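A.B. asks: Sequence:
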Amino acid sequence: MKNLKFIYFLTSFLLICSCSKELEDDASKDLKKIPQNVSVPKKSNKSKPNTSKLNSVCNCYKEALETLDGILDVRSAYDTFDEYNKVTESVNKVKVHLKRWREIQSYCLQTYKRAMYMENDCYPMDSVEKKRSELNDLGIKS
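All residue numbers for the sequence shown refer to our numbering, where the first residue is 28 and numbers rise by one.
If you are wondering where the hints come from, they were derived from the structure by calculation, not from laboratory data. On a predicted model such as this, the values are computed, not experimentally measured, just so you know. Hints are supplied without guarantee of correctness; some may be wrong.
As the list claims (entries may be wrong) - Below, in silico cross-link-like pairs of lysine to aspartate or glutamate (DMTMM-like), each with a Cα-Cα straight-line distance of 25 Å or less:
{"no.": "1", "residue 1": "Lys89", "residue 2": "Asp153"}
{"no.": "2", "residue 1": "Lys122", "residue 2": "Asp153"}
{"no.": "3", "residue 1": "Lys158", "residue 2": "Asp109"}
{"no.": "4", "residue 1": "Lys120", "residue 2": "Asp148"}
{"no.": "5", "residue 1": "Lys120", "residue 2": "Asp106"}
{"no.": "6", "residue 1": "Lys113", "residue 2": "Asp164"}
{"no.": "7", "residue 1": "Lys80", "residue 2": "Glu90"}
{"no.": "8", "residue 1": "Lys140", "residue 2": "Glu110"}
{"no.": "9", "residue 1": "Lys80", "residue 2": "Asp164"}
{"no.": "10", "residue 1": "Lys80", "residue 2": "Glu156"}
{"no.": "11", "residue 1": "Lys168", "residue 2": "Asp148"}
{"no.": "12", "residue 1": "Lys126", "residue 2": "Glu161"}
{"no.": "13", "residue 1": "Lys122", "residue 2": "Glu161"}
{"no.": "14", "residue 1": "Lys122", "residue 2": "Glu110"}
{"no.": "15", "residue 1": "Lys168", "residue 2": "Asp106"}
{"no.": "16", "residue 1": "Lys126", "residue 2": "Glu116"}
{"no.": "17", "residue 1": "Lys122", "residue 2": "Glu146"}
{"no.": "18", "residue 1": "Lys80", "residue 2": "Asp153"}
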């Protein structure tokens, strides 16, 4: 009787194991049939910022001040921030200038590091901060 139970148990165990392997194989075959749409990140079409003019600390200051002046010119054409905000063309121009400003800021700080905070012969160190403060007073966060 014990042998019969043992044989029954062993047969059941082998049957279950072999069936479960078939189920696993079928499942993996089904997965292989499903197309795997893996998205590969595309390189962005954004052009790299033009940094050819930023070949010294002085040029960094020059380009930064010109860009901030461009923002001031656009914003100063309006008496109030609400008037400025209604003209989408002006808002878009400012956005382009702000983007350029951030590119200049990032490139120059990464390239010239501490030299950007030291006295130079070209511009007063606080010239950029003064322009940014003017813009801030006009409602433009730079």
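A.B. asks: Just to be careful, I want the Cα atoms of Lys122 and Glu161 compared with a cutoff of 25 Å; is the pair within it?
C.D. replies: At roughly 17 Å apart (the allowed maximum being 25 Å), Glu161 and Lys122 satisfy the hint.
A.B. asks: Can you confirm whether the C-alpha distance between Lys168 and Asp148 stays at or below 25 Å?
C.D. replies: violated, 28 Å
A.B. asks: Given the hinted pair Lys89 and Asp153, is their Cα-Cα distance within 25 Å?
C.D. replies: holds, 13 Å
A.B. asks: Sort out whether Asp106 lies within 25 Å of Lys120, counting only the CA atoms.
C.D. replies: Holds, because 17 Å separates the two Cα atoms, which is no more than 25 Å.
A.B. asks: Keeping to a limit of 25 Å between CA atoms, is the pair of Lys168 and Asp106 held or broken?
C.D. replies: holds, 17 Å
A.B. asks: Is it true that the CA of Lys122 sits at most 25 Å from the CA of Asp153?
C.D. replies: Holds, because 23 Å separates the two Cα atoms, which is no more than 25 Å.
A.B. asks: Please verify whether Lys80 and Asp164 have alpha carbons no more than 25 Å apart.
C.D. replies: violated, 29 Å
A.B. asks: What's the verdict on Lys80 and Glu156, does the C-alpha distance respect the 25 Å limit or exceed it?
C.D. replies: The given pair, whose Cα atoms are some 21 Å apart, holds under the 25 Å limit.
A.B. asks: With a cut-off of 25 Å on the C-alpha distance, tell me whether Lys113 and Asp164 pass.
C.D. replies: Holds. Lys113 to Asp164 sits at ~18 Å (cutoff 25 Å).
A.B. asks: Given the hint that Lys126 pairs with Glu116, does the C-alpha gap stay at or below 25 Å?
C.D. replies: holds, 15 Å
A.B. asks: Given the hinted pair Lys122 and Glu110, is their alpha-carbon gap at most 25 Å?
C.D. replies: Since the Cα atoms of Lys122 and Glu110 sit roughly 16 Å apart, the hinted pair holds (cutoff 25 Å).
A.B. asks: Straight-line Cα separation of Lys122 and Glu146 no greater than 25 Å?
C.D. replies: violated, 30 Å
The structure fails to meet hints 4, 8, 9, 11 and 17 from the earlier list, while all remaining hints are met.
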